[in-house]
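There are 2 protein chains.
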Amino acid sequence: MKIGILGTGQVGNLIGSRLIENGHQVMIGGREANNERGLAFLKNNSENASYGTFEEASFFGEIIFNATNGRFALDALKLCNTDFEGKIIIDVANPLDFSTKPPTLIPEFANTNSIGESIQNLFPKAKVIKTLNTLGMALAVNPKQLNDGDHSVFVAGNDENAKIKTKTLLTEFGWNVENLNDIGDITASRAMESYLILMIRLSMSLNVPMLNIKVIK
Amino acid sequence: MKIGILGTGQVGNLIGSRLIENGHQVMIGGREANNERGLAFLKNNSENASYGTFEEASFFGEIIFNATNGRFALDALKLCNTDFEGKIIIDVANPLDFSTKPPTLIPEFANTNSIGESIQNLFPKAKVIKTLNTLGMALAVNPKQLNDGDHSVFVAGNDENAKIKTKTLLTEFGWNVENLNDIGDITASRAMESYLILMIRLSMSLNVPMLNIKVIK
Chain A
699 MKIGILGTGQ
709 VGNLIGSRLI
719 ENGHQVMIGG
729 REANNERGLA
739 FLKNNSENAS
749 YGTFEEASFF
759 GEIIFNATNG
769 RFALDALKLC
779 NTDFEGKIII
789 DVANPLDFST
799 KPPTLIPEFA
809 NTNSIGESIQ
819 NLFPKAKVIK
829 TLNTLGMALA
839 VNPKQLNDGD
849 HSVFVAGNDE
859 NAKIKTKTLL
869 TEFGWNVENL
879 NDIGDITASR
889 AMESYLILMI
899 RLSMSLNVPM
909 LNIKVIK
Chain B
699 MKIGILGTGQ
709 VGNLIGSRLI
719 ENGHQVMIGG
729 REANNERGLA
739 FLKNNSENAS
749 YGTFEEASFF
759 GEIIFNATNG
769 RFALDALKLC
779 NTDFEGKIII
789 DVANPLDFST
799 KPPTLIPEFA
809 NTNSIGESIQ
819 NLFPKAKVIK
829 TLNTLGMALA
839 VNPKQLNDGD
849 HSVFVAGNDE
859 NAKIKTKTLL
869 TEFGWNVENL
879 NDIGDITASR
889 AMESYLILMI
899 RLSMSLNVPM
909 LNIKVIK
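Chains A and B are the protein sequences, given in the same order.
Counting in the numbering used here, the first sequence runs without a single skipped number right up to 915 at its last residue.
Counting in the numbering used here, the second sequence runs without a single skipped number right up to 915 at its last residue.
Source of the hints: derived by calculation from the structure; they are not laboratory data.
Hints may be right or wrong, so weigh each one.
Treat identical chains as interchangeable: a pair holds within one or across any two.
Straight-line distance between alpha carbons at most 27 Å, and here's what the computed DSS-like set of lysine-lysine pairs gives [as the list claims (entries may be wrong)]:
#	residue 1	residue 2
1	861	799
2	823	799
3	842	776
4	799	700
5	776	912
6	776	915
7	799	842
8	776	700
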């Protein structure tokens, strides 16, 4: 599958490299198409890796990952110059304000809003799915590193078909189907983004290399 | 131990009855000392149960549970007419606004604040501990009902000795020591209160009688 990734940072690199391992063609997109991390992505991956602008990556992919910094996510998506009609946007961004210690949520995305639903509202023709933001991305794209993969990930979005395609990518990453929790429509992004505050406190108090939660029912 | 509980609702009743089973003397306190649920608490429990006003219950207990409705928690504590000097207040309240569907957090307690830290700020001589708000209270006071008790609970507060006493009560409820996660000072109440948004979405999507999360590390 052809997949575009918006964001050339560590998160975008981790997702892109893993997708290429799984046989996909990936274009990673940056604000400009000549930053070092974007070039490193090309160097570290097979011929299935390419690198362009936000606009080029969004045109390239049937599925687009939003792996930009949460604060600038909406601006980055606007730079794609498209309404994303029919495309799946998988949003993994976190609305964290790192100017406070420990971080808090960026107020405009807190409690009664979220990045996930803001993207859906801005691009009503896109099929936005929120997932993978609730744990470190190195673990998120390779969950079997922890507890034999027996821990939980969440999925939210309005479009059932987009959820099925997203879940397929997640199972390719190594997630067991029974650990994929569909928690509802795109407004449930609030739940995944709010949880970050607990995740941060757990990280601070446990000081372990990898960490997640498992739903017990 | 003598324990006061503020709030005669279902949450206060569940905590009080379980503490009495575990050998404690419990006074449950209401706004007035003659409501039906307070009287039911007396009827359903041994001679170790008593019932009074908020003020009487707060005077009675070495440890005070705040089991009031989150929206009115600070007002209820003010009605106790004490500064709680040296007393442990175990806050289990949730800052949920049920006027929205699904519920959101009450804005004054969201993101950069919480009920737990608001109580600590209002009563600096008290030793406030936040715990038990992250799962249904029937399960919270009897965790072995789910997965042989192997799931997680969180504790936050500024006073180490108060944490130790709280953890003792939690182990009497049936929590395993390795499942008690100390996540830091009282500002970490934000983490436990923010998590409610995810807990609500899980409850809505899973439709199971009991539900919690386990920290995997």
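For which of the previously enumerated hints does the structure constitute a violation, in increasing order of number? The structure conflicts with hints 3, 4, 5, 6, 7, although it agrees with all the remaining ones.
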